[in-house]
Amino acid sequence: MTRIRLDGPMSRRLFLKGSALVGCSLAATPFLTSVTLAAAPWDQRLVVIILRGAMDGLDVVRPVGDPAYAAYRPTLLTGDPALPLTDMFALHPDLGDLMPLWKAGELGFAHAVSTPYRDKRSHFDGQDILEAGTGLDVPEPSVRDGWLNRMLQGVPGMTAETAFAVGRDEMKVLIGPAPHAAWAPDAKLVLSAQSRRLLGKVYEADPLFHAASMEAMDLSDRMMAEAPDKAGGMAGMAAPVADPGGKAQPDKIAAFAADQLKQATRIAAFSINGWDTHNGQRAALKRALATLSNTILTLKADLGPVWKKTTVLAMTEFGRTARENGTGGTDHGTGGVMLMAGGAVRGGKIYGRWPGLDDAALFEQRDLLPTADVRSYAAWAMRGLYGLDSGVLEKTIFPGLDMGADPGLLL
Amino acid sequence: MANDPTIAAIRFGAGLSPVSGAQADAAALMAELAAPDAQIAAFPVMPSTEVWSQALAVKALRRARQQNEPGAVARVKAARAAVAEREVAGLVSFMQRGVAAPIGFRERLQAFWANHFTVVNKTGTYPSGPAAFADEALRPNLTASFATMLRAVVTHPMMLVYLDQVSSVGPKSVFGQRTGKGLNENLGRELMELHTLGVGAPYTQTDVRQLAKLLTGLGFDPKTGFVFRANWAEPGPKTVLGKTYDGPPRLETIYAALDDIAVRPETAHHLCLKLATHFVADTPDADLVQHMTAAYSASGGELGKVYAAMLDHPAAWALPYQKVRLPYDYLVAGLRALGVAPQTLSDLSPHDQRKLILGPLQLMGQPFEKQPEPNGWPEAAQAWVQPQMLAARIQWAMAVPAAVMPDLPDPRDFVRTALADAAGPALVTAAAQAETRRAGVGIILASSDFNRR
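Protein chains in written order, with the working numbering: chain X, 1 to 411; chain D, 1 to 453.
Same shape as in the complex, but just chain D (with noise of 0.2 angstroms):
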């Protein structure tokens, strides 16, 4: 089946859509990565130096209201709202781009590469910072080598203060010295656990108490951004996985030890077994994972390599559908079939979208942003498919088309719309007997023919 029209839109796109119109296959898929990033530009979210500046200014609203100025109170609480709205607004602009794309593979791999990279406002400092984070870092480098996205992700003030490196101090550094402050271990851990290595790797406590070292430096000002403070930094060599980092602190030997680990056997194993494992199959086939690996390997961690190496092997085009779509997808799958048009989402009210989308996602397990963990959402079925998160999406698709959609389709026809031939003839038959148009497209949405992937 490979090159399947259905399958690459519902397997690696956003889902089949009755106005995109785009023939999906492998070479399409990748020609939307290659071509100019329209949806970006229509569907903005807010950079992060505003994410800074509006931080910036709630603190000063903060501080006059501890001093009792006048109005305060009210300006406090009026600013929490707009940075709240704002906040869903980020969400609102995500999905648009989901539900507008051609076939929407860029938006699938940027969720991927977001939840690799897991990022939230835990301390509640910087809400919209995590979309700002997935925009900045990661959207521009989706085809780039690894390294080049690794330096970035690694340099980002979002990952730098979710995983507290902006306060990891080299003990023997100037400032160290001077202040007494010393390393945090989280980010050299998660780095080698998480996003490169994984951890069945060879790496050890001191690989990890070394790299903490070396990572010192990296800092950030809400003023300016990124910043990196060599006075902060650890001095002496550092060995990392055997090979030792030595000379002055510099961001260069950071970028140098990063671009290292990138490249590693395990790395490229680590991460194409991610990839095959989230677009094509909880446990993905062997022979996939090593076709894509020694892709990586031979390019030295291109991704876009990886992503066709992933296309051009069979078993990545294997029925049946595997997979769950995770509840934010599966949003975005819905609207898209039922061809929503994107400005429909964000003519909705601020309470309306937290009603019908952000509230639902929540109820399925997903809150908006919000990994409980920094591995990220849970890749396998049986996470997804629990009684209480399964009634939430069949209470979505029973309730929220009619809200947003006046004239709901025949189920007879939305049921080729959104599945193609991937309806099973079960499906078909029961769109055919529901009582209403709502209730038949509720049912197919709420299906496990549209729910997998």
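In isolation and in its complexed conformation, chain X is listed as follows (with noise of 0.2 angstroms):
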């Protein structure tokens, strides 16, 4: 493994200015060039899961031991009684079948964090800084590659299954120059070796297709190579084309990216919807923290021994209003959770520093104040796990990220 250093001080809004023009990109870094990280593949496991919508932070991990958690959430506590984690956390009811992972040491969070988006509280833009991992409150237009991307720039030896996208949402956090592959578990593709040919020269003349068709058809003969009884899709007319209706369902996702992981993948990326509880949040949450919950323990139970070699880190645009609205739900926030499980974490803890709930310590006498950028977490998981250079990660992968102390986040 060779690592390199970045001499010499710079300033990180002369850094940010910088990384402006060249878009952040390590390849059109000059001094990056010559960056050689852990040469792929490595042997751990990452998956990278956006939750997009923005999760209730204090929902799922309760600051009940914070004198005043209780007067703000007067509907959202009267369910079943919250699973305590430590002294002034519990974990939402409805993540109960987590509590075994937790108590393993294999489930974790991190408490009052975010990125560094502020003010506008937009899903949309809360969620591409998330996936660029930039450092400004506002998204950079020039910076059109996301974070694991940036870090996969930088590594010899790579090749497209290194690092997976699953499913059908646009996962920003894994585009970019570097190569990655991008699958769901119900797709195929059957085509006779002829048309095979000519749509291979149909598609010349256009680099996006012609990359996705040969994407696609090589995806297609490895699944259906290994699984051809598995691989779903229109396989002719014979079959039914699919579920109709919604997106396949997640824990189907989990399994996908599991099988990926056990072979040539060593990240994968996907998103699970449905957090913007504006309304009626018990009832939202418990949909989508079951969704959460079945991925994680599908992850696990997929994986066999290579969940000892893996880190999942949940990650989501921005939390929630401390108070409850007036429809038993609540509004953007600001500062949230970040869950983390898997065999190589420290779990059995919350991490960061928590703010506090007074009206007074709350971000803008509303939210939940950031104590941590997300990003950090990120970093020292990525550190840890691929030796990278903590230069490379707070000016190049997460521009203008101050690291900080290692939170020990990993075994």
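No false leads were slipped in.
To give an idea of the chain X side of the interface with chain D (calculated C-beta under 7 angstroms), a few residues:
1. 170
2. 182
3. 183
4. 184
5. 209
6. 212
7. 273
Everything labelled a hint here was simulated from the structure, so no lab data went into it. We treat Cβ as the ideally placed atom computed from N, Cα and C, and that holds for glycine.
Assemble the dimeric complex from its two separately framed chains, guided by the hints.
So this is what it looks like as structure tokens:
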């Protein structure tokens, strides 16, 4: 493993200015072109789950020990009792199936975290910033690659399967110049040799279609060779097309991701949607938490011995208001929770500094005050997993990030 | 290439058709919008009044099931199946309009605005509701002033349900004081961020909050439809974007605020950029957007004038084709190019409608009326040309034409029918070299030439 050092002080402001010009791309940053990271394939697995819609961290990991908390949540706390985690925190009852993981040290959380995004509280800008990993609180139009992709840009020995976006949501966190695969459990492509050849020629003049079709053919071949009976999709007109009316169930996505991670894939990314709980949060969160719980349990079960080498990070664009709103829900906030799971993490712990929930302690007297940049946890995880230098992490992968002290996330 | 008929049909219409015979150009596109709407009469969808009564009927059946009335379980199951079938029928009606339209500019505009004002049946209570919303709030107002469309949107129950306005109560209102219920910011925020000003505009969290207060009172009763409930409305003045709205709670006050927001320069720019991005290029020509914005501002937001300005600008007619057809538009264009009769689609069994239309849309990444979030489907070409989604387009192109047409056309002819002079030389050659008609037609429909617009 070779690491590089970035010498010389570089002010944060200067760096941010520079990064906007070069698009934060490793490839485009001249002094980083010789970066060598731990050569792929590594043995450690990383799963990044984007929780779209802004998960209410204050409901999922409840600060029951904070004296101000209960008064903010008059109806949200009336259901089943939460499950004690520490003196301060208790877990949402709908994540009860994950308690054995917590006890085994395979589940942990970072509380009061956020990206640098503030004030406008737009899901879509919030997600773009989370996935771009940029350091300003507005999206930087020049940054078109995601932070996972920037990490991969400097790694030799990559194949397309090293990093895998699963499902049909656009995973901006993985998009960029470094190769990665994208496929869904129910996708399939069957073509005659002649049609394949002709389509190849037809797509040649259109790089976007050409690249996607080549990858589709390769991946479909591979999936079919591995498990011809499992491959879904439109197998000619004889087979039913798909379950209409919705996306593939996320446990299928987790199972598919696990399948890939047991082979050549080392990084998988996918989304879980449905966290925007403005109204009737108790019912709405139940569905999303069931999916999250099922996803993690599926990963653990299907990864088998590989689970030991696995780190799962589930991140959301921002948290929600400290006070519940007038309709049994919560509105867009700031500080929230990141979930970490896997045999490689040091779980059974809530990471982070608790800012308190007094009105004066809240961000804009409204939201949980973030006390840490959520990117710092992802950065420490990547440093631990892949030996990345903090200079690269703080300047190129997560521009403008101050990683701070090592929280000791990984075993 | 201004006024090129192929570009007009592919970029602004529903695609080329061997049946329509309409010669498309800018004037014809605008004339289609001015002509009476023949498509909605021929291919109706369930109106919202029926959507509400259907929901009430299902609710009553569920109650009967809870009380263990005999036969109730079977009745709920049958009702659910019927509801789902009607939902697919709505999709089929929309596709029939696209297939049958002379050019299809109206259908494209409706789809654009239905995505701009995304509405999803997120609670499962109102199946077929999004289609009714599009036909009632958007379609009659496609060429009206944006303020008119915005008023219709903000008073349509599907939008009020989708963005939680139906439960938002002024905390100091009569009802709020009695029940302790309060505000929900969802519609107030998305109205400024997505529907009008755009996220880059200089509004603040305070504006969001004030607008949320101003919008209280907008309500819905499934028995009667939209209702304004003055006793839910927050009393007192509200200041949104520097302008204060005061007086007793009245719907007119909300309209006044919507009218003001509709003609703000940020709204003009946001909407014109979005239209140009949808129709012309993922990064549209700045002068084109400027030209449209000027037309918007000069006319007080008359949408017909904005489309005319777009079609009037040479950048709107520039080649190459840069956009990728969204899956729904792709299916419509494919069926249209084949000359499939609209009746063929409604004659398909519900099972086949799922297999040939509804399921493929999901596999291509655009499940019908199920946008994951209020910002709607993405525009960028690469969002739709991911391997798993392109695989579904190719599979559809190879399999479905033969399933809906007994006699497939000769690929050497079909390449011209489907694309005219937009077919590249590689595709023309490949069409002639395919092993079978089926493969040839499939390659043409799967080609990047056909997928772009």
